[in-house]
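Participant: Chain by chain, the residues run as shown.
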Amino acid sequence: MPEPLFEVRDLVTRFRSEGGEIRPSRGVSFHIAAGEVLGLVGESGSGKSVTARASIRLQQPESATIGGELFFRGQDLRKLDAEALRGLRAKQIAMVVQDPAAALNPVMTIGDQLTRIHRLHGGSEAEAREAALLLLRRMRIAEPESRLAAYPHQLSGGMRQRVLIALALICRPSLLIADEPTTALDVTVEAEILALLDELRRELGMAMLMISHNLSVIGRICDRVAVMYAGRIMEEAPTQALLATPRHPYTMALLASVPRGTKRDGPLPAIPGEPPDLARLPPGCPFQARCPGAAPQCTAEQPLRDIAPGRKAACWRAEAA
Amino acid sequence: MTPPLLSLDGVSRHYATKPSVLGRLLPNQPVVRAVQDVTLAIARTEILGLVGESGSGKSTLGRVALALEPPTTGKVLFDGTPPGDNLPAFRRRAQMVFQDPQSSLNRSLTIERILESPLVVHRFGNAAARRERIAELLGTVGLRADMMRRYPHELSGGQRQRVGIARALAIEPAFIVLDEPTSALDVSIQAQVVNLLVELQQRLSLTYLFISHDLRLVRWLCDRIAVMYLGRIVEIGPAEALWHAPRHPYTKALLSAVTAETLQPPEAAGDVPSPIRPPPGCAFHPRCPAAGPRCSREAPRDVTANGVTVACHLHDGGVS
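Residue numbers (my numbering), protein chains in the order written: chain X, 1 to 321; chain G, 1 to 320.
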């Protein structure tokens, strides 16, 4: 197996909350090869966003990360000083967040924000402008010249999100971390942006970590998927295998609860109960209280283990399935 | 045929934009045409789904249907009479469930006070009878009676939305507008709430106007679907007919964006134009893959065939 581009081993994060100490990531491991798209899917509170930010040391405060190893091109990210880390994040690793209104500078024009990085790297004004225009055209933004002079609030939500992606891609990163990049967008614009991201990954050989709660988005763009629940990866598999034959009871229940027919087919198979309180997790599997197949064995730790070539699950039943 | 419970006849809702100092001196202030010439009827115990992207006017239409806003032109009839003829009586029979239970429930009140308020407004019994009714309502939406002593922030998102539904049901309405009631919820919790909505609709013979951007969910839940684009209904018909055989190019684009299993170039490129200056002719023509010269010249008429009404030149003599 070739050395992965990005590898996270046993990541643990910890926060204090009103209810007590919580651990949004409880020993999360994954790897991404060059040009590969890994999906990280989970519901709110599953720890997917904290895990993603902590994996590139963006989680604040940094002391929240209390364990784990992070390797990018074989380099240990935890050993880098702040300046080296910033350099790496500026040139090789980029991140796109869900809310473009919060991520763009409201008092700088789109053009200034898009050309800033080029200028910081010593490029000329004209070169920087040319590169920015090229990217806006790729993002299918109409009238790119006039958009350069616009401020973020003058653009629609879909356009702002495309500007944010352009900003992330301007240095041609080898890894893009995208946290719900299309969740705030309308479905027709979403389809457009996903197609664009896929095109850019083929062209630049860019790897992606795509974080989403939307299984349809994950299904369309990811090569592999990791399913998170209460700070743990419950299942990991190639996308088509995961969607067609989920092996962890949580993945099965999640897929089943998406509406597929009409109400005449009977009630939606909902997952009973609520996600667990992270400050009061039961011993063993965090899904046991809602799992239709729960048994005494579930109170023992369920490590993520190989169940088939390329497939992992954190459930003692998974092999029998 | 029994008359519809709610009917909208040529309803438009326009908003004045905030004028600049100079603008106030000029005639013809720009207006936002949030809803434009909508005619539809909702039958008793029907669930009508209203889908569209942000800015399509679907929430405004819901508010006009509930007489929370007056139509700029056109007529709303509930059970054959204008809501304004007896607004208190109308409010007893028509209620709303909002998208975000976090912000639509008063955070400084207990669940008991939140649910009591509509009962007090509509003069329901004495304190003891109200308390009994609140316990019953909580049971109806699948919550324990002791939840009434809690505050909204002590509840999960799913539980809060159940309280929002209980509040709408408090005075036994016949008609409920649900505006994206599950979009703030996780998939697993969404399914629980949707099942509850179906069960309540059947048990209490309710009529719903269900506003959503989620086509899969609308297909699952609704009898008929209306698709809105820039203030107009471009297609309306039985849910399965729209899902399996969409006729308007915009409905097709929405469906292909939702049902695609692989990445494909979208069928409607670009952003939704502003409702202040909607494109001339058919408002969808700048994004439409099938548009012809007629589409920018002439607004399409509604054409009905096999129970589906569609406003598109493709189905009315062609686009050239």
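There may be inaccurate statements among the hints.
Partial selection, computed: residues in chain X whose CB lies under 8 Å from chain G [claimed, not checked]:
#	residue
1	HIS213
2	PRO259
3	GLU301
Incomplete in silico selection of chain G near chain X, CB under 7 Å [claimed, not checked]:
#	residue
4	ASP37
5	LYS75
6	ASP79
7	SER188
8	VAL194
9	VAL198
10	GLN202
11	ALA257
12	VAL258
13	LEU263
In short, the hints are calculated from the structure, not lab data. Bear in mind the structure is a predicted one, so any value in this text is a computation, not a measurement. For each residue, glycine too, the CB sits at the ideal point set by N, CA and C.
Participant: Look at each hint and say if it fits the structure.
Facilitator: To see whether the hints hold, each was checked on the structure:
1. HIS213: Status holds, d = 7 Å.
2. PRO259: 4 Å, holds
3. GLU301: With Cβ-Cβ at 24 Å, over 8 Å, it is violated.
4. ASP37: Interface hint status for ASP37 of chain G: violated (23 Å vs cutoff 7 Å).
5. LYS75: 31 Å, violated
6. ASP79: For ASP79 of chain G, the interface hint is violated, since the closest Cβ of chain X sits about 26 Å away, which is over 7 Å.
7. SER188: Holds, about 4 Å.
8. VAL194: 6 Å, holds
9. VAL198: 5 Å, holds
10. GLN202: 9 Å, violated
11. ALA257: With a minimum Cβ separation of about 4 Å from chain X (threshold 7 Å), the hint on ALA257 of chain G holds.
12. VAL258: Where the cut-off is 7 Å and the nearest Cβ of chain X is about 6 Å from VAL258 of chain G, the hint holds.
13. LEU263: Interface hint status for LEU263 of chain G: holds (5 Å vs cutoff 7 Å).
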